[in-house]
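> Sequence:
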Amino acid sequence: ISSYQHYQRATTKLLYSNTFFNNKLRTNSSFDFVYGKDQRERNPDDEQTKTASEGRDVGFTLNTNGTWNINKGWLKTLRYVLSGTYMDKDSYYETVYSSATSPYSMTTTNGAVLSNFAGQHIYDVNGNQITNFGPEDINHYAVYLPSSYLGHYEIDSREVNLFAKVTSSLFKASGHVNNRILIGADFRSDGNVGKGKTYDPSTPPYRSQYGHNSSFRPRNYKDIPFINQFGAYVEDNFKWSISGTHDLNIQAGVRYDHTSVVGGIFSPRVNASIDLIPNLLSLQGGYGIAAKMPSLLYLYPENAYFEYININELANENIPESQRLFMTTTEVRQVDNSDLKIAQNHKAEVGFNLRVGKTNLNVIAYKERLKDGYVMSQTFNTFNTFIYNEYQRTENGIELSSSLPVLSTYAKPTNNLNIETKGLEFDLNIGRIDAIRTAFQINGSWMRTKSWRQGYSFYDNSEDAASARKPVAIYSQDGNASYKQQFVTTLRATHNIPRIGFVVTMTAQAIWQQSNWNTFGNDSIPVGYLALEDASVNMFPEGQYTTTQQVKDAGYGYMLNNVSHNNAIKESYSPYFCFNLNVTKEISDMLRVSFFANNMFRSYPRRESKRNPGSYTQLNNRFFFGLELSLTL
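Residue numbers (the UniProt record's numbering): 1 to 633.
Hints are not guaranteed to be accurate.
To be verified - Below, computed lysine-lysine pairings styled on DSBU-like, alpha-carbon distance capped at 30 Å:
1. K13 / K89
2. K450 / K422
3. K470 / K552
4. K484 / K347
Claimed, not checked - Quick list of the computed label-pair ranges, beta carbon to beta carbon:
5. N621 / N110: 39 to 49 Å
6. K367 / V96: 47 to 57 Å
7. F623 / D200: 14 to 24 Å
8. N303 / K50: 26 to 36 Å
9. G431 / H246: 19 to 29 Å
10. A10 / F520: 19 to 29 Å
Quick caveat, the hints were computed from the structure, so don't treat them as lab data. Predicted, not measured: the structure shown is a model, and the values here were computed from it. The beta-carbon is built from N, C-alpha and C at its ideal position, and this holds for glycine as well.
Let's have the full structure, built from the sequences with the hints guiding it.
Structure below.
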(Lines of atoms letter the chains of each structure in order from A and count residues from 1; the text may use other names and numbers.)
(Lines give C-alpha, C1' and ligand atoms only; values in the text may rest on other atoms or scores of the structure.)
Protein backbone atom coordinates (compact mmCIF):
# COMPACT_ATOMS: atom_id res chain seq x y z
CA ILE A 1 0.00 0.00 0.00
CA SER A 2 1.48 3.34 -0.98
CA SER A 3 1.52 6.24 1.43
CA TYR A 4 -1.40 8.64 1.45
CA GLN A 5 0.16 11.63 -0.27
CA HIS A 6 -1.68 14.80 -1.21
CA TYR A 7 -0.43 17.88 -3.00
CA GLN A 8 -2.33 21.13 -3.50
CA ARG A 9 -1.22 24.32 -5.19
CA ALA A 10 -2.95 27.62 -5.89
CA THR A 11 -1.56 30.75 -7.52
CA THR A 12 -2.90 34.23 -8.19
CA LYS A 13 -1.37 36.96 -10.32
CA LEU A 14 -2.46 40.59 -10.57
CA LEU A 15 -1.05 42.87 -13.27
CA TYR A 16 -1.21 46.63 -13.64
CA SER A 17 0.18 48.65 -16.55
CA ASN A 18 0.13 52.38 -17.22
CA THR A 19 1.90 55.19 -19.05
CA PHE A 20 3.01 58.60 -17.80
CA PHE A 21 4.47 61.85 -19.15
CA ASN A 22 2.93 61.57 -22.62
CA ASN A 23 3.88 57.91 -22.99
CA LYS A 24 7.53 58.55 -22.15
CA LEU A 25 7.34 56.28 -19.11
CA ARG A 26 5.70 52.86 -19.34
CA THR A 27 5.32 50.83 -16.16
CA ASN A 28 4.20 47.31 -15.37
CA SER A 29 3.54 46.11 -11.85
CA SER A 30 2.50 42.68 -10.65
CA PHE A 31 1.54 40.87 -7.48
CA ASP A 32 1.96 37.09 -7.33
CA PHE A 33 0.53 34.94 -4.56
CA VAL A 34 1.30 31.25 -4.19
CA TYR A 35 0.01 28.61 -1.80
CA GLY A 36 1.12 25.01 -1.67
CA LYS A 37 0.54 22.09 0.66
CA ASP A 38 2.23 18.70 0.51
CA GLN A 39 1.00 16.14 3.03
CA ARG A 40 1.86 12.53 3.76
CA GLU A 41 -0.69 10.90 6.04
CA ARG A 42 -0.19 7.59 7.76
CA ASN A 43 -1.53 4.47 6.12
CA PRO A 44 -1.69 0.90 7.46
CA ASP A 45 1.92 0.31 6.39
CA ASP A 46 3.04 3.14 8.66
CA GLU A 47 1.76 1.65 11.91
CA GLN A 48 5.23 0.57 12.97
CA THR A 49 7.23 3.56 11.76
CA LYS A 50 4.45 6.10 12.48
CA THR A 51 5.79 8.17 9.58
CA ALA A 52 3.97 11.39 8.74
CA SER A 53 4.96 14.69 7.19
CA GLU A 54 3.46 17.93 6.00
CA GLY A 55 4.76 21.01 4.26
CA ARG A 56 3.02 24.32 3.64
CA ASP A 57 4.23 27.21 1.48
CA VAL A 58 2.65 30.66 1.47
CA GLY A 59 4.32 33.56 -0.26
CA PHE A 60 4.07 36.56 -2.50
CA THR A 61 6.16 38.53 -4.98
CA LEU A 62 5.90 42.23 -5.74
CA ASN A 63 7.45 43.33 -9.01
CA THR A 64 7.53 46.59 -10.86
CA ASN A 65 9.41 47.42 -14.02
CA GLY A 66 9.37 50.25 -16.45
CA THR A 67 10.92 51.85 -19.50
CA TRP A 68 11.67 55.54 -19.76
CA ASN A 69 12.02 56.70 -23.34
CA ILE A 70 14.60 59.49 -23.27
CA ASN A 71 15.73 59.68 -26.93
CA LYS A 72 18.51 62.22 -26.45
CA GLY A 73 21.61 61.67 -28.56
CA TRP A 74 22.95 58.16 -28.10
CA LEU A 75 20.83 57.55 -25.00
CA LYS A 76 17.50 56.04 -25.98
CA THR A 77 15.92 54.29 -23.00
CA LEU A 78 16.38 53.63 -19.33
CA ARG A 79 14.85 50.45 -17.92
CA TYR A 80 14.44 49.41 -14.30
CA VAL A 81 13.26 46.37 -12.37
CA LEU A 82 12.43 46.19 -8.67
CA SER A 83 11.13 43.05 -7.02
CA GLY A 84 10.76 41.49 -3.61
CA THR A 85 9.69 38.01 -2.56
CA TYR A 86 8.66 36.67 0.82
CA MET A 87 8.02 32.94 1.18
CA ASP A 88 6.85 31.36 4.43
CA LYS A 89 7.57 27.62 4.51
CA ASP A 90 6.52 25.49 7.47
CA SER A 91 6.97 21.74 7.58
CA TYR A 92 7.32 18.84 9.95
CA TYR A 93 8.44 15.23 9.77
CA GLU A 94 8.09 12.46 12.29
CA THR A 95 8.96 8.79 12.33
CA VAL A 96 10.19 6.08 14.64
CA TYR A 97 13.97 5.82 14.42
CA SER A 98 15.55 2.40 14.81
CA SER A 99 19.17 1.48 15.62
CA ALA A 100 19.39 5.05 16.87
CA THR A 101 21.57 4.53 19.94
CA SER A 102 24.00 7.45 20.22
CA PRO A 103 25.03 10.25 22.60
CA TYR A 104 23.54 13.73 22.42
CA SER A 105 24.56 16.56 24.74
CA MET A 106 22.61 19.63 23.52
CA THR A 107 25.57 22.03 23.78
CA THR A 108 27.07 23.98 20.87
CA THR A 109 30.23 24.96 22.77
CA ASN A 110 33.53 23.49 21.64
CA GLY A 111 35.18 21.53 24.45
CA ALA A 112 32.08 21.39 26.64
CA VAL A 113 31.90 18.33 28.90
CA LEU A 114 28.38 17.58 30.15
CA SER A 115 26.87 14.80 32.21
CA ASN A 116 23.33 13.53 32.57
CA PHE A 117 22.97 15.77 35.63
CA ALA A 118 22.25 19.26 34.33
CA GLY A 119 24.24 22.04 35.97
CA GLN A 120 26.30 19.68 38.18
CA HIS A 121 30.07 19.34 38.00
CA ILE A 122 31.74 15.94 38.20
CA TYR A 123 35.15 15.43 39.82
CA ASP A 124 37.71 12.63 39.61
CA VAL A 125 39.34 10.82 42.55
CA ASN A 126 41.95 13.56 42.84
CA GLY A 127 39.36 16.31 43.08
CA ASN A 128 39.94 17.56 39.54
CA GLN A 129 36.88 18.85 37.74
CA ILE A 130 36.04 16.70 34.71
CA THR A 131 32.97 18.49 33.43
CA ASN A 132 33.40 21.76 31.60
CA PHE A 133 30.55 24.14 30.85
CA GLY A 134 29.65 27.79 31.14
CA PRO A 135 26.45 29.68 32.00
CA GLU A 136 25.06 29.07 28.48
CA ASP A 137 25.01 25.31 29.18
CA ILE A 138 23.80 25.37 32.78
CA ASN A 139 20.49 23.73 31.79
CA HIS A 140 21.91 21.39 29.19
CA TYR A 141 22.71 17.75 29.84
CA ALA A 142 23.93 14.67 28.02
CA VAL A 143 21.54 11.89 27.00
CA TYR A 144 22.08 8.42 25.64
CA LEU A 145 19.41 7.93 23.03
CA PRO A 146 17.53 4.62 23.03
CA SER A 147 17.70 2.17 20.18
CA SER A 148 14.21 3.16 19.04
CA TYR A 149 12.17 6.30 19.64
CA LEU A 150 9.66 8.59 17.95
CA GLY A 151 11.42 11.64 16.54
CA HIS A 152 9.70 14.82 15.43
CA TYR A 153 11.23 17.95 13.97
CA GLU A 154 9.89 21.13 12.43
CA ILE A 155 11.39 23.55 9.92
CA ASP A 156 10.41 27.21 9.98
CA SER A 157 11.75 28.90 6.85
CA ARG A 158 10.97 32.50 5.91
CA GLU A 159 12.82 33.35 2.74
CA VAL A 160 13.41 36.96 1.73
CA ASN A 161 14.64 37.83 -1.77
CA LEU A 162 15.26 41.36 -3.03
CA PHE A 163 16.32 42.33 -6.54
CA ALA A 164 16.98 45.61 -8.35
CA LYS A 165 18.25 46.24 -11.87
CA VAL A 166 18.77 49.27 -14.08
CA THR A 167 19.81 49.23 -17.74
CA SER A 168 20.50 52.11 -20.10
CA SER A 169 20.25 51.57 -23.84
CA LEU A 170 22.35 53.62 -26.25
CA PHE A 171 21.93 53.48 -30.02
CA LYS A 172 23.71 54.99 -33.01
CA ALA A 173 23.23 54.31 -36.71
CA SER A 174 25.75 55.31 -39.35
CA GLY A 175 25.21 54.13 -42.91
CA HIS A 176 25.06 50.33 -42.94
CA VAL A 177 26.33 50.06 -39.35
CA ASN A 178 24.19 50.03 -36.21
CA ASN A 179 25.49 50.08 -32.65
CA ARG A 180 23.32 49.34 -29.63
CA ILE A 181 25.12 49.49 -26.30
CA LEU A 182 23.67 48.29 -23.01
CA ILE A 183 25.13 49.47 -19.71
CA GLY A 184 23.62 48.29 -16.47
CA ALA A 185 23.93 47.15 -12.89
CA ASP A 186 21.96 44.87 -10.60
CA PHE A 187 21.81 43.98 -6.94
CA ARG A 188 20.44 40.87 -5.26
CA SER A 189 20.02 40.04 -1.59
CA ASP A 190 18.83 36.65 -0.37
CA GLY A 191 18.30 35.55 3.20
CA ASN A 192 16.11 33.75 5.67
CA VAL A 193 14.55 35.05 8.89
CA GLY A 194 12.97 31.78 9.99
CA LYS A 195 13.73 29.77 13.13
CA GLY A 196 15.17 26.90 11.10
CA LYS A 197 15.04 23.28 12.24
CA THR A 198 13.75 22.78 15.77
CA TYR A 199 13.12 19.66 17.82
CA ASP A 200 13.04 18.27 21.34
CA PRO A 201 16.72 17.77 22.29
CA SER A 202 15.83 14.56 24.11
CA THR A 203 14.51 13.04 20.86
CA PRO A 204 16.58 14.59 18.05
CA PRO A 205 16.51 13.52 14.39
CA TYR A 206 18.59 10.52 13.37
CA ARG A 207 22.28 11.38 13.56
CA SER A 208 24.57 11.56 10.55
CA GLN A 209 26.54 8.40 9.79
CA TYR A 210 29.18 10.34 7.87
CA GLY A 211 32.00 9.82 10.36
CA HIS A 212 32.89 8.45 13.76
CA ASN A 213 31.23 10.28 16.67
CA SER A 214 29.47 12.73 14.34
CA SER A 215 26.48 14.65 15.66
CA PHE A 216 24.48 17.77 14.81
CA ARG A 217 22.61 20.67 16.35
CA PRO A 218 19.66 22.92 15.51
CA ARG A 219 20.48 25.96 13.41
CA ASN A 220 18.58 29.22 13.54
CA TYR A 221 18.25 30.60 10.01
CA LYS A 222 18.26 34.12 11.44
CA ASP A 223 21.92 33.62 12.39
CA ILE A 224 22.92 33.14 8.75
CA PRO A 225 23.96 36.41 7.06
CA PHE A 226 22.13 37.56 3.94
CA ILE A 227 23.93 36.78 0.68
CA ASN A 228 24.46 40.03 -1.21
CA GLN A 229 25.48 40.02 -4.86
CA PHE A 230 26.30 43.06 -6.97
CA GLY A 231 26.76 42.99 -10.73
CA ALA A 232 27.67 45.49 -13.44
CA TYR A 233 27.83 44.87 -17.17
CA VAL A 234 28.36 46.45 -20.55
CA GLU A 235 27.35 44.93 -23.89
CA ASP A 236 27.75 46.09 -27.48
CA ASN A 237 25.43 44.82 -30.21
CA PHE A 238 27.08 45.58 -33.53
CA LYS A 239 25.26 45.10 -36.84
CA TRP A 240 26.81 45.65 -40.27
CA SER A 241 24.66 45.24 -43.34
CA ILE A 242 27.19 44.18 -46.00
CA SER A 243 26.10 45.28 -49.46
CA GLY A 244 22.65 45.74 -48.02
CA THR A 245 21.92 41.99 -48.15
CA HIS A 246 24.29 40.15 -45.80
CA ASP A 247 24.04 41.00 -42.10
CA LEU A 248 26.98 40.58 -39.75
CA ASN A 249 25.95 40.66 -36.08
CA ILE A 250 28.45 40.73 -33.24
CA GLN A 251 27.43 40.80 -29.61
CA ALA A 252 30.28 41.32 -27.15
CA GLY A 253 30.21 42.17 -23.49
CA VAL A 254 31.73 41.76 -20.07
CA ARG A 255 30.12 41.39 -16.66
CA TYR A 256 31.52 41.88 -13.18
CA ASP A 257 29.99 40.07 -10.20
CA HIS A 258 30.82 40.48 -6.54
CA THR A 259 29.38 38.22 -3.85
CA SER A 260 29.68 37.94 -0.10
CA VAL A 261 32.73 35.97 1.13
CA VAL A 262 34.17 34.94 -2.27
CA GLY A 263 34.79 38.40 -3.78
CA GLY A 264 34.45 39.41 -7.43
CA ILE A 265 35.19 38.18 -10.94
CA PHE A 266 34.92 39.35 -14.58
CA SER A 267 33.04 37.27 -17.16
CA PRO A 268 33.48 38.11 -20.87
CA ARG A 269 31.49 36.69 -23.78
CA VAL A 270 31.10 37.18 -27.53
CA ASN A 271 28.53 35.90 -30.06
CA ALA A 272 28.48 36.41 -33.82
CA SER A 273 26.30 35.50 -36.79
CA ILE A 274 26.47 36.18 -40.51
CA ASP A 275 24.03 35.69 -43.37
CA LEU A 276 25.65 33.45 -45.99
CA ILE A 277 22.53 33.34 -48.14
CA PRO A 278 20.11 36.17 -47.32
CA ASN A 279 16.77 34.99 -45.94
CA LEU A 280 17.92 31.37 -46.26
CA LEU A 281 21.11 30.38 -44.43
CA SER A 282 23.11 31.98 -41.63
CA LEU A 283 26.01 30.79 -39.46
CA GLN A 284 26.45 31.58 -35.79
CA GLY A 285 28.98 30.97 -33.05
CA GLY A 286 30.03 32.19 -29.67
CA TYR A 287 32.25 31.84 -26.65
CA GLY A 288 31.70 33.02 -23.13
CA ILE A 289 32.58 32.62 -19.49
CA ALA A 290 29.79 32.65 -16.91
CA ALA A 291 30.38 33.02 -13.19
CA LYS A 292 28.54 30.51 -11.00
CA MET A 293 28.06 32.00 -7.57
CA PRO A 294 28.06 29.70 -4.53
CA SER A 295 24.82 29.07 -2.68
CA LEU A 296 24.24 29.40 1.05
CA LEU A 297 25.31 25.78 1.59
CA TYR A 298 28.84 26.63 0.48
CA LEU A 299 29.10 30.19 1.81
CA TYR A 300 27.76 29.53 5.30
CA PRO A 301 27.81 25.77 5.97
CA GLU A 302 26.75 24.32 9.30
CA ASN A 303 29.39 23.57 11.90
CA ALA A 304 30.53 19.98 12.35
CA TYR A 305 29.78 18.47 15.76
CA PHE A 306 31.33 15.41 17.39
CA GLU A 307 30.23 13.63 20.56
CA TYR A 308 32.63 11.47 22.62
CA ILE A 309 31.38 9.31 25.49
CA ASN A 310 33.65 9.72 28.51
CA ILE A 311 31.77 7.35 30.75
CA ASN A 312 28.51 5.39 30.46
CA GLU A 313 27.06 3.67 33.54
CA LEU A 314 23.42 3.75 32.44
CA ALA A 315 23.25 -0.03 31.99
CA ASN A 316 25.22 -0.86 35.15
CA GLU A 317 22.68 -2.41 37.52
CA ASN A 318 25.22 -2.52 40.35
CA ILE A 319 24.82 1.24 40.68
CA PRO A 320 21.54 2.82 41.83
CA GLU A 321 19.75 4.24 38.81
CA SER A 322 19.70 7.75 40.24
CA GLN A 323 23.51 7.69 40.59
CA ARG A 324 24.47 6.23 37.23
CA LEU A 325 26.72 8.59 35.34
CA PHE A 326 26.76 9.40 31.65
CA MET A 327 29.19 12.05 30.39
CA THR A 328 30.26 13.31 26.97
CA THR A 329 32.73 15.76 25.43
CA THR A 330 31.60 17.87 22.47
CA GLU A 331 33.96 18.97 19.72
CA VAL A 332 32.89 21.72 17.29
CA ARG A 333 34.65 22.47 14.01
CA GLN A 334 34.19 25.48 11.73
CA VAL A 335 33.39 24.13 8.26
CA ASP A 336 33.54 27.31 6.17
CA ASN A 337 36.27 27.77 3.56
CA SER A 338 37.65 31.31 3.30
CA ASP A 339 39.68 30.27 0.22
CA LEU A 340 36.61 29.28 -1.81
CA LYS A 341 36.80 30.58 -5.38
CA ILE A 342 34.03 31.55 -7.77
CA ALA A 343 33.25 28.74 -10.19
CA GLN A 344 33.40 29.53 -13.91
CA ASN A 345 31.61 27.88 -16.79
CA HIS A 346 33.36 28.15 -20.17
CA LYS A 347 31.09 27.55 -23.16
CA ALA A 348 31.75 27.51 -26.92
CA GLU A 349 29.07 26.94 -29.54
CA VAL A 350 28.64 26.93 -33.30
CA GLY A 351 25.56 26.43 -35.43
CA PHE A 352 23.41 27.46 -38.35
CA ASN A 353 19.91 28.69 -39.10
CA LEU A 354 18.04 27.55 -42.21
CA ARG A 355 14.79 29.15 -43.33
CA VAL A 356 12.67 27.82 -46.20
CA GLY A 357 9.30 29.51 -46.51
CA LYS A 358 7.56 29.29 -43.14
CA THR A 359 9.83 26.48 -41.98
CA ASN A 360 12.77 27.40 -39.78
CA LEU A 361 15.55 25.06 -38.59
CA ASN A 362 18.10 26.07 -35.98
CA VAL A 363 20.96 23.72 -35.03
CA ILE A 364 23.64 24.39 -32.40
CA ALA A 365 26.56 22.25 -31.27
CA TYR A 366 28.20 23.23 -28.00
CA LYS A 367 30.86 22.28 -25.51
CA GLU A 368 31.20 23.62 -22.00
CA ARG A 369 33.47 23.10 -19.03
CA LEU A 370 32.74 23.98 -15.42
CA LYS A 371 35.93 24.71 -13.50
CA ASP A 372 36.26 25.08 -9.74
CA GLY A 373 32.75 23.73 -9.19
CA TYR A 374 31.40 23.54 -5.66
CA VAL A 375 31.22 20.30 -3.72
CA MET A 376 31.47 19.27 -0.09
CA SER A 377 34.70 17.27 0.25
CA GLN A 378 37.16 15.91 2.74
CA THR A 379 40.65 17.39 2.50
CA PHE A 380 43.88 17.05 4.46
CA ASN A 381 42.72 19.98 6.59
CA THR A 382 39.39 18.43 7.57
CA PHE A 383 41.05 15.74 9.68
CA ASN A 384 41.84 16.73 13.26
CA THR A 385 43.37 14.78 16.12
CA PHE A 386 41.34 14.73 19.32
CA ILE A 387 42.51 13.27 22.63
CA TYR A 388 39.71 10.95 23.70
CA ASN A 389 39.54 10.57 27.49
CA GLU A 390 37.59 7.67 28.97
CA TYR A 391 36.80 7.20 32.66
CA GLN A 392 35.66 4.38 34.91
CA ARG A 393 34.29 4.15 38.44
CA THR A 394 36.46 2.49 41.07
CA GLU A 395 36.14 2.09 44.82
CA ASN A 396 37.83 5.46 45.21
CA GLY A 397 35.72 7.32 42.66
CA ILE A 398 35.97 8.31 38.97
CA GLU A 399 39.38 7.58 37.46
CA LEU A 400 40.89 8.14 34.01
CA SER A 401 41.12 4.74 32.30
CA SER A 402 42.50 5.74 28.89
CA SER A 403 43.60 8.80 26.93
CA LEU A 404 44.04 8.04 23.23
CA PRO A 405 44.27 10.07 20.02
CA VAL A 406 41.47 9.72 17.47
CA LEU A 407 40.85 11.41 14.13
CA SER A 408 37.64 13.33 13.54
CA THR A 409 36.67 14.43 10.05
CA TYR A 410 34.03 16.40 8.20
CA ALA A 411 33.35 17.68 4.68
CA LYS A 412 33.83 21.34 3.81
CA PRO A 413 33.06 23.49 0.74
CA THR A 414 35.71 23.05 -1.95
CA ASN A 415 36.29 23.83 -5.64
CA ASN A 416 37.05 20.20 -6.46
CA LEU A 417 34.20 19.58 -8.91
CA ASN A 418 34.72 19.60 -12.68
CA ILE A 419 32.03 19.03 -15.30
CA GLU A 420 32.42 18.73 -19.07
CA THR A 421 29.34 18.76 -21.28
CA LYS A 422 29.01 18.47 -25.02
CA GLY A 423 25.86 18.27 -27.04
CA LEU A 424 23.72 19.13 -30.02
CA GLU A 425 20.40 20.99 -29.99
CA PHE A 426 17.92 21.56 -32.79
CA ASP A 427 14.64 23.41 -33.17
CA LEU A 428 12.44 22.83 -36.22
CA ASN A 429 9.46 25.17 -36.51
CA ILE A 430 7.21 24.08 -39.35
CA GLY A 431 4.80 26.93 -38.79
CA ARG A 432 1.04 26.92 -39.03
CA ILE A 433 -0.76 24.74 -41.56
CA ASP A 434 -3.81 26.83 -42.30
CA ALA A 435 -5.86 23.95 -43.71
CA ILE A 436 -5.97 22.26 -40.32
CA ARG A 437 -5.34 25.39 -38.22
CA THR A 438 -2.42 23.68 -36.49
CA ALA A 439 1.19 24.70 -35.92
CA PHE A 440 3.95 22.13 -35.37
CA GLN A 441 7.30 22.49 -33.67
CA ILE A 442 9.92 19.83 -33.03
CA ASN A 443 12.95 20.33 -30.85
CA GLY A 444 15.46 17.97 -29.37
CA SER A 445 18.87 17.56 -27.85
CA TRP A 446 21.66 15.05 -27.45
CA MET A 447 23.93 15.59 -24.48
CA ARG A 448 26.82 13.81 -22.78
CA THR A 449 28.17 14.94 -19.40
CA LYS A 450 31.37 13.92 -17.66
CA SER A 451 31.97 14.90 -14.04
CA TRP A 452 34.89 14.22 -11.75
CA ARG A 453 36.52 15.45 -8.57
CA GLN A 454 40.00 16.72 -7.93
CA GLY A 455 41.99 16.03 -4.79
CA TYR A 456 42.08 12.83 -2.79
CA SER A 457 39.59 10.46 -1.22
CA PHE A 458 40.01 8.91 2.23
CA TYR A 459 39.22 5.55 3.80
CA ASP A 460 38.94 5.01 7.54
CA ASN A 461 38.76 1.31 8.39
CA SER A 462 38.30 1.88 12.12
CA GLU A 463 35.69 0.89 14.66
CA ASP A 464 34.16 3.45 17.02
CA ALA A 465 36.15 2.49 20.11
CA ALA A 466 39.11 4.80 20.78
CA SER A 467 41.45 1.83 21.23
CA ALA A 468 40.46 0.50 17.79
CA ARG A 469 41.22 3.65 15.79
CA LYS A 470 43.72 3.42 12.92
CA PRO A 471 45.47 5.80 10.52
CA VAL A 472 43.32 6.95 7.61
CA ALA A 473 44.25 5.77 4.10
CA ILE A 474 44.68 8.28 1.25
CA TYR A 475 43.55 7.35 -2.27
CA SER A 476 44.02 9.10 -5.58
CA GLN A 477 40.90 10.09 -7.52
CA ASP A 478 42.66 10.30 -10.90
CA GLY A 479 40.65 8.40 -13.50
CA ASN A 480 37.43 8.29 -11.50
CA ALA A 481 34.60 9.89 -13.48
CA SER A 482 30.83 9.74 -13.89
CA TYR A 483 29.10 9.90 -17.28
CA LYS A 484 25.52 10.65 -18.28
CA GLN A 485 24.05 10.63 -21.77
CA GLN A 486 20.59 11.46 -23.09
CA PHE A 487 18.76 11.99 -26.37
CA VAL A 488 15.35 13.67 -26.14
CA THR A 489 12.89 15.06 -28.68
CA THR A 490 9.69 17.01 -28.13
CA LEU A 491 6.84 17.44 -30.61
CA ARG A 492 4.47 20.30 -29.90
CA ALA A 493 1.23 20.70 -31.85
CA THR A 494 -0.93 23.80 -31.30
CA HIS A 495 -4.43 23.77 -32.75
CA ASN A 496 -6.59 26.89 -32.55
CA ILE A 497 -10.07 27.91 -33.57
CA PRO A 498 -10.06 31.74 -33.43
CA ARG A 499 -13.78 31.99 -34.04
CA ILE A 500 -14.59 30.46 -30.66
CA GLY A 501 -11.33 31.41 -28.91
CA PHE A 502 -10.21 27.81 -28.44
CA VAL A 503 -6.54 26.67 -28.30
CA VAL A 504 -5.32 23.11 -27.69
CA THR A 505 -1.62 22.33 -27.25
CA MET A 506 -0.41 18.74 -27.17
CA THR A 507 3.19 17.97 -26.27
CA ALA A 508 4.76 14.57 -26.84
CA GLN A 509 8.18 14.05 -25.32
CA ALA A 510 10.27 11.04 -26.28
CA ILE A 511 13.35 10.02 -24.31
CA TRP A 512 15.01 7.86 -26.93
CA GLN A 513 18.15 7.09 -25.01
CA GLN A 514 19.22 7.62 -21.41
CA SER A 515 22.28 6.07 -19.82
CA ASN A 516 24.90 6.48 -17.12
CA TRP A 517 28.17 4.78 -16.20
CA ASN A 518 31.42 5.31 -14.32
CA THR A 519 35.11 4.86 -15.03
CA PHE A 520 37.69 4.10 -12.36
CA GLY A 521 41.38 4.78 -11.90
CA ASN A 522 43.64 3.51 -9.14
CA ASP A 523 41.11 3.28 -6.33
CA SER A 524 42.34 0.03 -4.79
CA ILE A 525 45.95 0.94 -3.81
CA PRO A 526 46.47 3.67 -1.17
CA VAL A 527 49.00 6.39 -1.95
CA GLY A 528 49.59 7.40 1.67
CA TYR A 529 47.98 7.83 5.07
CA LEU A 530 47.10 10.35 7.77
CA ALA A 531 48.81 9.67 11.09
CA LEU A 532 46.54 9.00 14.04
CA GLU A 533 48.70 11.00 16.47
CA ASP A 534 48.76 14.37 14.69
CA ALA A 535 46.84 14.01 11.37
CA SER A 536 50.12 14.55 9.49
CA VAL A 537 50.23 13.56 5.81
CA ASN A 538 52.51 10.63 4.94
CA MET A 539 52.67 9.86 1.20
CA PHE A 540 54.22 6.65 -0.10
CA PRO A 541 56.98 7.00 -2.72
CA GLU A 542 55.38 6.91 -6.18
CA GLY A 543 55.16 3.35 -7.49
CA GLN A 544 56.18 1.74 -4.19
CA TYR A 545 53.02 -0.37 -4.04
CA THR A 546 51.40 -1.68 -7.21
CA THR A 547 49.48 -4.69 -5.87
CA THR A 548 47.28 -5.27 -2.84
CA GLN A 549 49.60 -8.06 -1.72
CA GLN A 550 52.50 -5.61 -1.52
CA VAL A 551 50.36 -3.35 0.65
CA LYS A 552 49.51 -6.26 2.96
CA ASP A 553 53.14 -7.39 3.18
CA ALA A 554 54.14 -3.88 4.27
CA GLY A 555 51.66 -4.03 7.17
CA TYR A 556 49.09 -1.70 5.65
CA GLY A 557 46.45 -4.29 4.84
CA TYR A 558 43.88 -2.50 7.00
CA MET A 559 44.07 0.45 4.57
CA LEU A 560 42.76 -1.60 1.64
CA ASN A 561 39.27 -0.58 0.61
CA ASN A 562 37.07 -3.30 -0.83
CA VAL A 563 35.91 -1.26 -3.81
CA SER A 564 33.16 -2.28 -6.18
CA HIS A 565 33.20 -1.33 -9.84
CA ASN A 566 29.57 -2.24 -10.36
CA ASN A 567 28.89 1.26 -11.65
CA ALA A 568 31.24 0.60 -14.56
CA ILE A 569 28.36 -1.39 -16.06
CA LYS A 570 26.46 0.96 -18.35
CA GLU A 571 22.90 1.49 -17.15
CA SER A 572 20.77 2.27 -20.19
CA TYR A 573 17.00 2.64 -20.51
CA SER A 574 14.98 1.83 -23.59
CA PRO A 575 12.77 4.62 -25.04
CA TYR A 576 9.85 5.95 -23.03
CA PHE A 577 7.33 8.73 -23.61
CA CYS A 578 5.43 11.46 -21.79
CA PHE A 579 2.38 13.38 -23.04
CA ASN A 580 1.14 16.76 -21.80
CA LEU A 581 -2.06 18.62 -22.62
CA ASN A 582 -3.06 22.27 -22.34
CA VAL A 583 -6.53 23.52 -23.29
CA THR A 584 -7.25 27.27 -23.28
CA LYS A 585 -10.62 28.95 -23.80
CA GLU A 586 -10.93 32.69 -24.25
CA ILE A 587 -14.32 33.48 -22.76
CA SER A 588 -14.00 37.19 -23.52
CA ASP A 589 -11.37 39.84 -24.11
CA MET A 590 -10.99 40.01 -20.35
CA LEU A 591 -11.25 36.37 -19.27
CA ARG A 592 -9.25 33.29 -20.21
CA VAL A 593 -9.36 29.81 -18.66
CA SER A 594 -6.70 27.13 -19.13
CA PHE A 595 -6.66 23.49 -18.10
CA PHE A 596 -3.43 21.53 -18.12
CA ALA A 597 -2.44 17.94 -17.43
CA ASN A 598 1.17 16.78 -17.37
CA ASN A 599 1.92 13.11 -17.97
CA MET A 600 -1.76 12.88 -18.85
CA PHE A 601 -1.71 9.12 -19.46
CA ARG A 602 0.02 8.45 -16.14
CA SER A 603 2.80 6.55 -17.83
CA TYR A 604 5.36 5.21 -15.35
CA PRO A 605 7.51 2.71 -17.24
CA ARG A 606 9.77 0.44 -15.17
CA ARG A 607 13.18 -0.65 -16.34
CA GLU A 608 15.23 -3.45 -14.81
CA SER A 609 18.74 -2.57 -13.69
CA LYS A 610 21.63 -4.14 -15.57
CA ARG A 611 23.90 -3.62 -12.59
CA ASN A 612 21.51 -5.11 -10.09
CA PRO A 613 19.16 -7.56 -11.85
CA GLY A 614 15.88 -7.82 -10.00
CA SER A 615 15.75 -4.14 -9.03
CA TYR A 616 13.72 -1.67 -11.08
CA THR A 617 13.67 2.07 -11.74
CA GLN A 618 10.40 3.96 -12.30
CA LEU A 619 10.67 6.66 -14.95
CA ASN A 620 8.76 9.79 -16.00
CA ASN A 621 7.45 12.75 -14.06
CA ARG A 622 4.49 12.30 -11.76
CA PHE A 623 1.01 13.09 -13.06
CA PHE A 624 -0.49 16.40 -12.07
CA PHE A 625 -3.17 18.70 -13.42
CA GLY A 626 -4.52 22.16 -12.74
CA LEU A 627 -6.64 25.10 -13.80
CA GLU A 628 -5.46 28.62 -14.57
CA LEU A 629 -7.73 31.65 -14.67
CA SER A 630 -6.58 34.92 -16.27
CA LEU A 631 -8.65 38.07 -15.79
CA THR A 632 -7.65 41.36 -17.45
CA LEU A 633 -9.24 44.53 -16.11
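> What hint numbers does the structure not satisfy?
7 and 10
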